[in-house]
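Novice: These protein sequences, in sequence, are chains A and B. Residues 1 to 115, numbered by our numbering, are exactly what the first sequence covers, in order. Residues 1 to 115, numbered by our numbering, are exactly what the second sequence covers, in order.
There's no promise every hint is true.
To be verified - The calculated lysine to any residue pairs, modelled on SDA-like cross-linking and capped at a C-alpha distance of 20 Å, are:
no., chain 1, residue 1, chain 2, residue 2
1, B, Lys49, A, Ile95
2, B, Lys102, A, His29
3, B, Lys102, A, Arg44
4, B, Lys49, A, Gly42
5, B, Lys102, A, Ser65
6, B, Lys102, A, Gln41
7, B, Lys102, A, Gly42
8, B, Lys102, A, Glu62
9, B, Lys102, A, Asn53
10, B, Lys102, A, Gln56
11, A, Lys57, B, Ala95
12, A, Lys100, B, Tyr27
13, B, Lys102, A, Ile51
14, A, Lys100, B, Phe51
15, A, Lys14, A, Thr86
16, B, Lys102, A, Ile60
17, B, Lys102, A, Ser67
18, A, Lys100, B, Gln2
19, B, Lys49, A, His29
20, A, Lys9, B, Gln45
If you're looking for bench data, these hints aren't it; they were derived computationally from the structure.
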Amino acid sequence: DGGITQSPKYLFRKEGQNVTLSCEQNLNHDAMYWYRQDPGQGLRLIYYSQIVNDFQKGDIAEGYSVSREKKESFPLTVTSAQKNPTAFYLCASSIGGTLKTYEQYFGPGTRLTVT
Amino acid sequence: AQSVTQPDIHITVSEGASLELRCNYSYGATPYLFWYVQSPGQGLQLLLKYFSGDTLVQGIKGFEAEFKRSQSSFNLRKPSVHWSDAAEYFCAVGAKYNQGGKLIFGQGTELSVKP
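If we strip away everything but chain B, and leave its shape as in the complex, we get (with noise of 0.2 Å):
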């Protein structure tokens, strides 16, 4: 069955210090992989995404993202945490052909950053 897991509920970084969120995933087709992030109450916005060529992604705010498909997983990163980066962070998979571009989503990472 296709899935997504964040291993991660909750995270909590001091402002300033690296920042890792995992995200590994169960597809049998090629992935095309996402992550969101979700300030409370808002909708959620696309922070990067792989469709194919370079392994290493960058988006905005300054993250960036790695897939690995021998591990199953594309983990979001930043190296230098902002207050105003506390929020949820959602990574998310679809298919890339014939399934009407659904996306499977995972639970969730909430991150809360300490002054």
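If we strip away everything but chain A, and leave its shape as in the complex, we get (with noise of 0.2 Å):
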């Protein structure tokens, strides 16, 4: 079966700490995507990545860091300097291409709380 794999469900760390979520896809999609969801604020993008070895920084990249080293996989690390990182988060993956939109398709979601 394709999909969006997401661990783990929920990750617990003290304030602080460094934490990285995992993103895989085999769908053989070039671009993923990561998201923030708080309640009543929808989803804002964090990061985004059009073709392995390449990423860009969306609306609320701040504390936040990537990587893409291989086709399938976009990790996401919470540093220490983000300032409110509780929440849910989501990643996502399209067909891509650097030119066209195309529907992304999402994982089940991480939920990190920091104490």
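Build the complex from these two chains, which are given one at a time in their own frames, with help from the hints.
Specialist: In structure tokens:
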């Protein structure tokens, strides 16, 4: 079955620690995205990548970092510089390409709680 | 500025009643439009999309949406709601070209279904 996996589903960390969220897809999609979801605020784009070894900042990139070393993987690191990291994080992918927009497919999400 | 507005934060309908969820967008370029559904604690599932052509599009689970360019709207409809339709619904818009495939999401509309 093709799809997007995110692990773990729940993650707990102490303040001041960096944490990495996993996102893997076997859809052979070029583009991948990370969103943050907070109650009543919809989805906000953190980072996106249209192709391996390349990524761009989204609207709320401060305090986050990503890498795209493989087509199927796009891990997100929440650093200690992120002021309010507790949220629900969603990874998505699309056929992508540099020019055209396509529908995005989403993973099940990771709920991160930092105390 | 590009934006998506879902005017209704929360809607309650009776099972078997019809449903219309509103979505208005502000977008300078030719818009690509999407509706997604999210169950609590889950990822987003694509219901339907509009790229071009017939302005009435059919989606999964019996949903449809109509693109009205003159009103900058893309409202989602279902003739008869089932209890399993209770969820949060997101409208999203993207540019046809040259935006890295990024989507802008509305704040979401939470749907409750009364028995």
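Novice: Each hint should be assessed against the structure and marked as holding or not.
Specialist: Structure-based check of each hint:
The hinted pair formed by Lys49 of chain B and Ile95 of chain A meets the criterion: a straight-line CA distance of about 15 Å does not exceed 20 Å. With a C-alpha separation of about 14 Å, the suggested pair Lys102 of chain B and His29 of chain A falls inside the 20 Å cut-off, and the hint holds. Between Lys102 of chain B and Arg44 of chain A the alpha-carbon distance is near 11 Å, which keeps this suggested pair within the 20 Å criterion. Distance hint between Lys49 of chain B and Gly42 of chain A is fulfilled; the C-alpha atoms sit about 18 Å from each other, no more than 20 Å.
For the given pair, Lys102 of chain B sits about 18 Å from Ser65 of chain A by alpha-carbon distance, which is consistent with the 20 Å threshold. For the proposed pair Lys102 of chain B and Gln41 of chain A, the alpha carbon gap of about 17 Å is at most 20 Å, so the pair holds. Simply put, Lys102 of chain B and Gly42 of chain A have alpha-carbon atoms about 15 Å apart, close enough for the 20 Å limit, and the pair holds. Between Lys102 of chain B and Glu62 of chain A the alpha-carbon distance is near 18 Å, which keeps this suggested pair within the 20 Å criterion.
Proximity of Lys102 of chain B to Asn53 of chain A is assessed by CA-CA distance (about 18 Å); at most 20 Å being required, the pair is judged to hold. Taken as a hint, the Lys102 of chain B and Gln56 of chain A pair is honoured in the structure, with Cα atoms around 11 Å apart against an allowance of 20 Å. Between Lys57 of chain A and Ala95 of chain B the CA atoms are separated by roughly 18 Å; this keeps the pair inside 20 Å, and the hint holds. Using a Cα cut-off of 20 Å, the hinted pair Lys100 of chain A and Tyr27 of chain B holds, with the two alpha carbons roughly 16 Å apart.
At roughly 14 Å between alpha-carbon atoms, Lys102 of chain B and Ile51 of chain A fall within 20 Å of each other, so this suggested pair holds. Between Lys100 of chain A and Phe51 of chain B the CA atoms are separated by roughly 11 Å; this keeps the pair inside 20 Å, and the hint holds. Restraint check for Lys14 of chain A and Thr86 of chain A: satisfied, since their Cα atoms lie roughly 11 Å apart, inside the 20 Å limit. Annotation: proposed proximity of Lys102 of chain B to Ile60 of chain A holds, straight-line Cα distance about 14 Å (limit 20 Å).
At most 20 Å may separate the alpha-carbon atoms for a hinted pair to count; Lys102 of chain B and Ser67 of chain A meet this at roughly 18 Å. Distance restraint check for Lys100 of chain A and Gln2 of chain B: the Cα-Cα separation of roughly 17 Å lies within the 20 Å cut-off, and the hinted pair is therefore satisfied. Distance restraint check for Lys49 of chain B and His29 of chain A: the Cα-Cα separation of roughly 18 Å lies within the 20 Å cut-off, and the hinted pair is therefore satisfied. Simply put, Lys9 of chain A and Gln45 of chain B have alpha-carbon atoms about 17 Å apart, close enough for the 20 Å limit, and the pair holds.
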